[in-house]
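Number of protein chains: 2
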Amino acid sequence: MNIYDVSQKAGVSIATVSRVINGNRSVADSTRRRVEAAIKELGYEPNVFARGLGLNTMQTIGILCNDSSDIYIANAVYYLQHFLSEHHYDSILCCTGNNPDDFRKYTKMILSKRVDAVIYTGSQFILNHPEDHDNNYIVDASKEVPIFLLNGMLEGENIYCVVNDDHLAVHDAAMKLIRHGRRHIVYLYSGTTLSSQNKLSGFTDALNEAGIPNRIAYTHLGPKDIYAAKSYLESLYDQNLPMDAVMASEDTLAVGAVKFAEEHGIRIPEDLEIIGYNNSILAECTEPELTSIDNHVEKVCRTLTDNCLKVLAGEDAPHKVIRTADLISRETTVN
Amino acid sequence: MNIYDVSQKAGVSIATVSRVINGNRSVADSTRRRVEAAIKELGYEPNVFARGLGLNTMQTIGILCNDSSDIYIANAVYYLQHFLSEHHYDSILCCTGNNPDDFRKYTKMILSKRVDAVIYTGSQFILNHPEDHDNNYIVDASKEVPIFLLNGMLEGENIYCVVNDDHLAVHDAAMKLIRHGRRHIVYLYSGTTLSSQNKLSGFTDALNEAGIPNRIAYTHLGPKDIYAAKSYLESLYDQNLPMDAVMASEDTLAVGAVKFAEEHGIRIPEDLEIIGYNNSILAECTEPELTSIDNHVEKVCRTLTDNCLKVLAGEDAPHKVIRTADLISRETTVN
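Each protein sequence line maps, in turn, to chains X and Z.
Here the first sequence stands for residues 1 to 335, numbered as in the working numbering.
Here the second sequence stands for residues 1001 to 1335, numbered as in the working numbering.
Hints listed in this document are in silico derivations from the structure and should not be mistaken for laboratory results.
Each hint should be verified, as a subset may be incorrect.
As the list claims (entries may be wrong) - With a Cα cut of at most 25 Å, we get these calculated DMTMM-like pairs of lysine to aspartate or glutamate:
| # | chain 1 | residue 1 | chain 2 | residue 2 |
| --- | --- | --- | --- | --- |
| 1 | X | Lys-113 | Z | Asp-1326 |
| 2 | Z | Lys-1224 | X | Glu-287 |
| 3 | Z | Lys-1224 | X | Glu-144 |
| 4 | Z | Lys-1224 | X | Asp-67 |
| 5 | X | Lys-224 | Z | Glu-1289 |
| 6 | X | Lys-299 | Z | Glu-1289 |
| 7 | Z | Lys-1230 | X | Glu-287 |
| 8 | X | Lys-230 | Z | Glu-1289 |
| 9 | X | Lys-230 | Z | Glu-1331 |
| 10 | Z | Lys-1105 | X | Asp-306 |
| 11 | X | Lys-113 | Z | Glu-1289 |
| 12 | Z | Lys-1299 | X | Glu-331 |
| 13 | X | Lys-108 | Z | Asp-1294 |
| 14 | Z | Lys-1224 | X | Asp-5 |
| 15 | Z | Lys-1113 | X | Glu-144 |
| 16 | X | Lys-224 | Z | Glu-1331 |
| 17 | X | Lys-105 | Z | Glu-1289 |
| 18 | Z | Lys-1108 | X | Glu-86 |
| 19 | Z | Lys-1113 | X | Glu-36 |
| 20 | Z | Lys-1113 | X | Asp-225 |
| 21 | X | Lys-310 | X | Glu-36 |
| 22 | X | Lys-230 | Z | Asp-1294 |
| 23 | X | Lys-113 | Z | Glu-1086 |
| 24 | Z | Lys-1224 | X | Glu-36 |
| 25 | Z | Lys-1299 | X | Asp-294 |
| 26 | X | Lys-224 | Z | Glu-1298 |
| 27 | X | Lys-224 | Z | Glu-1045 |
| 28 | Z | Lys-1224 | X | Asp-140 |
| 29 | X | Lys-224 | Z | Asp-1102 |
| 30 | X | Lys-113 | Z | Asp-1294 |
| 31 | Z | Lys-1224 | X | Glu-331 |
| 32 | X | Lys-224 | Z | Asp-1067 |
What the hints assert, rightly or not - In silico contact screen, one side only, chain X against chain Z (beta carbon under 10 Å); selected entries:
| # | residue |
| --- | --- |
| 33 | Cys-95 |
| 34 | His-180 |
| 35 | Cys-285 |
By construction, the Cβ of each residue, glycine as well, lies at the ideal position given by its N, Cα and C atoms.
Turn these sequences into a full structure, and let the hints guide you.
See below:
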């Protein structure tokens, strides 16, 4: 028995049921009566949206992420928890690992902790073939509590998404390199998540638009593989393939590019421009310091938690917010 | 009503109560009967140690940390969750921030999620003046569930600690620099936690033992302050103070030292040796790469979770395990 069942029975949206439970006056009397009748008939005990009535709420948000040791995810989790606590919401985090088979299990686990909402942090939670039923674990969870996706996109009545436009960010950065006259750009990436795919297509689209043959193979590296990135570039170098810029889907991989250039006496940025992604603390550790795409994790998390608080208060919130990232220019690109 | 009350009533240890509940045969019959009588009289429903009986357990461990975006903490949390999940324990994490006034609140929150044990990750949870009652929030929690401290030390019947010997690690690293002939060593540190204090005293003890006046002031920086560390060293340099080595309580601060040396044409390691702490990914990002103290976060977490699983199975586990750290030599020290 959950809020979804009530909404089905009453023939209204989940948001409307939530409004009725919260005593929101914007609901027409006839609708309100229908919802109240459905609640009574089903014996539903609102424990989630019932803040306004001081009912059985835990004031706790569940957060799922794949790997809390990833720098981007760690920062996102920090901001989510911080912003929620500002509004007197506690939060609990659970790491799922990367095996999609476990996502439903961990979702159930976190729901068993009687959370008021669930936030999925990171695009890996949205599986790439939406035509099959891979993402039903999220749809099912959304029948229990409102669901918030950070960097994931899934349609659903009780699902709210905030995403970065990774495609646009990489596309624009590649265009900048092309305007600088770069024609042999290597793209280093990791993972096969939606976010990875969007970044990659941003890169290839830019090359296609500029009529540059996508000649140099990109590659598939682990997200923390500084040395694998370096070795890969060395293998291209040993084959005498021309190379005048490197773009990376993670700052770690861009660090590998800096190390490669240093070791081979290649001048940065004159002979090789390098652009990372995430604008993490690593971007400030290298010499020269990395130009990197900043996806404003703090602002993205603020938008998501604002939406979460609205939904839990029975108010409307956008189901889809797309934010743009910025290129932070440091010393590995020509100004 | 909790397991502590039962142990008091029966006049036995918490571990013994746990053994009785788990059907462990090592308990004498007379003791067993006394515990069973106490359980009955108090109406205690074992929900924590009752794995063996298939009772009301959640198989969930609560983890508290101050800041999940700190690289060391993020890695620790990752390993704790990973090792627990290998043994079919779920875990939930909650970040408390750094205000000790909130530690009791978050402890209560995580206990309200019906966890089987609580792990405190990081030395900041042990307040520095044990003579007052600052740490009673942990002692009180230990009456409900077993408590595990990572890098914290507190005595208690139901409290189990695994700590790094930070004092020894910094002491030995400082001695190495002194053996290299360094006499003007700057120590950069952040924070006032027990761990910070132990590192600092390791440094000053080494200087005292070697009869080197502790002349150059150490300083107090934020843990992520690459640029504050760099500026601080520049201020010493501008005063023409001699300086032939830098030790740092965090890799971030050591990165600042590398940047300082680069900018002023100071040769590393010939004219300036640099040693960081944590052996984090940052140590591999700089050029030259950082020598850093590795406190083996993975092994520390493994020891802690092994102890946790033993205690939850009603077995004995050591209340205090001290692990040693190693110096990982890279390019910022003389071999």
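Structure-based check of all given hints:
Restraint check: the Cα-Cα separation between X/Lys-113 and Z/Asp-1326 comes to about 40 Å, which exceeds 25 Å; the hinted pair is violated. For the hint linking Z/Lys-1224 to X/Glu-287, the alpha-carbon distance of about 18 Å falls within 25 Å, and the restraint holds. With a C-alpha separation of about 40 Å, the suggested pair Z/Lys-1224 and X/Glu-144 falls outside the 25 Å cut-off, and the hint is violated. Restraint check for Z/Lys-1224 and X/Asp-67: the C-alpha separation of about 21 Å stays at or below 25 Å, so the hint holds.
Pair hint X/Lys-224 plus Z/Glu-1289 holds up; C-alpha atoms about 16 Å apart against a cutoff of 25 Å. For a cut-off of 25 Å, the pair hint linking X/Lys-299 to Z/Glu-1289 is broken: about 33 Å separates their Cα positions. A distance of roughly 14 Å separates the Cα atoms of Z/Lys-1230 and X/Glu-287; the hinted pair therefore holds under the 25 Å criterion. This hinted pair checks out: X/Lys-230 and Z/Glu-1289 have alpha carbons roughly 15 Å apart, not beyond 25 Å.
Note on X/Lys-230 and Z/Glu-1331: the hinted pairing holds, with a Cα-Cα distance of about 18 Å set against a maximum of 25 Å. This hinted pair checks out: Z/Lys-1105 and X/Asp-306 have alpha carbons roughly 24 Å apart, not beyond 25 Å. Restraint check for X/Lys-113 and Z/Glu-1289: not satisfied, since their Cα atoms lie roughly 44 Å apart, outside the 25 Å limit. Annotation: proposed proximity of Z/Lys-1299 to X/Glu-331 is violated, straight-line Cα distance about 38 Å (limit 25 Å).
Under the criterion of a C-alpha separation no larger than 25 Å, the hint pairing X/Lys-108 with Z/Asp-1294 is inconsistent with the structure, at around 37 Å. Only pairs whose Cα atoms come within 25 Å are accepted, and Z/Lys-1224 paired with X/Asp-5 is rejected, the gap being roughly 49 Å. With a C-alpha separation of about 18 Å, the suggested pair Z/Lys-1113 and X/Glu-144 falls inside the 25 Å cut-off, and the hint holds. Straight-line distance between C-alpha atoms of X/Lys-224 and Z/Glu-1331 comes to about 21 Å, which keeps the hinted pair within the 25 Å bound.
For the hint pairing X/Lys-105 with Z/Glu-1289, the CA-to-CA distance comes to about 41 Å; that exceeds 25 Å, so the pair is violated. Between Z/Lys-1108 and X/Glu-86 the CA atoms are separated by roughly 18 Å; this keeps the pair inside 25 Å, and the hint holds. Note on Z/Lys-1113 and X/Glu-36: the hinted pairing is violated, with a Cα-Cα distance of about 30 Å set against a maximum of 25 Å. Between Z/Lys-1113 and X/Asp-225 the alpha-carbon distance is near 37 Å, which puts this suggested pair outside the 25 Å criterion.
At roughly 22 Å between alpha-carbon atoms, X/Lys-310 and X/Glu-36 fall within 25 Å of each other, so this suggested pair holds. Distance check on the hinted pair: X/Lys-230 and Z/Asp-1294 sit about 24 Å apart at the alpha-carbon level, within 25 Å; holds. Distance check on the hinted pair: X/Lys-113 and Z/Glu-1086 sit about 21 Å apart at the alpha-carbon level, within 25 Å; holds. A threshold of 25 Å between alpha carbons decides the hint, and for Z/Lys-1224 with X/Glu-36 the separation of about 53 Å lies outside it, so the pair is violated.
Between Z/Lys-1299 and X/Asp-294 the CA atoms are separated by roughly 34 Å; this puts the pair beyond 25 Å, and the hint is violated. At roughly 17 Å between alpha-carbon atoms, X/Lys-224 and Z/Glu-1298 fall within 25 Å of each other, so this suggested pair holds. The hinted pair formed by X/Lys-224 and Z/Glu-1045 fails the criterion: a straight-line CA distance of about 47 Å is larger than 25 Å. Distance hint between Z/Lys-1224 and X/Asp-140 is unfulfilled; the C-alpha atoms sit about 41 Å from each other, more than 25 Å.
The suggested pairing of X/Lys-224 with Z/Asp-1102 is violated, with an alpha-carbon distance near 34 Å, which exceeds 25 Å. Straight-line distance between C-alpha atoms of X/Lys-113 and Z/Asp-1294 comes to about 36 Å, which puts the hinted pair past the 25 Å bound. A C-alpha spacing of about 21 Å is found between Z/Lys-1224 and X/Glu-331, which places the hinted pair at or below 25 Å, so the restraint holds. About 21 Å separates the Cα atoms of X/Lys-224 and Z/Asp-1067, which keeps this hinted pair within 25 Å; it holds.
Here the hint on X/Cys-95 is kept, as its CB sits about 5 Å from the closest CB of chain Z, short of 10 Å. Evaluation of the X/His-180 hint against chain Z yields a violated restraint, the C-beta minimum of about 24 Å exceeding 10 Å. With a cut of 10 Å, the hint placing X/Cys-285 at the interface with chain Z holds, because the nearest CB-to-CB distance is about 4 Å.
This entry does not satisfy hints 1, 3, 6, 11, 12, 13, 14, 17, 19, 20, 24, 25, 27, 28, 29, 30, 34, going by the numbered hints stated previously.
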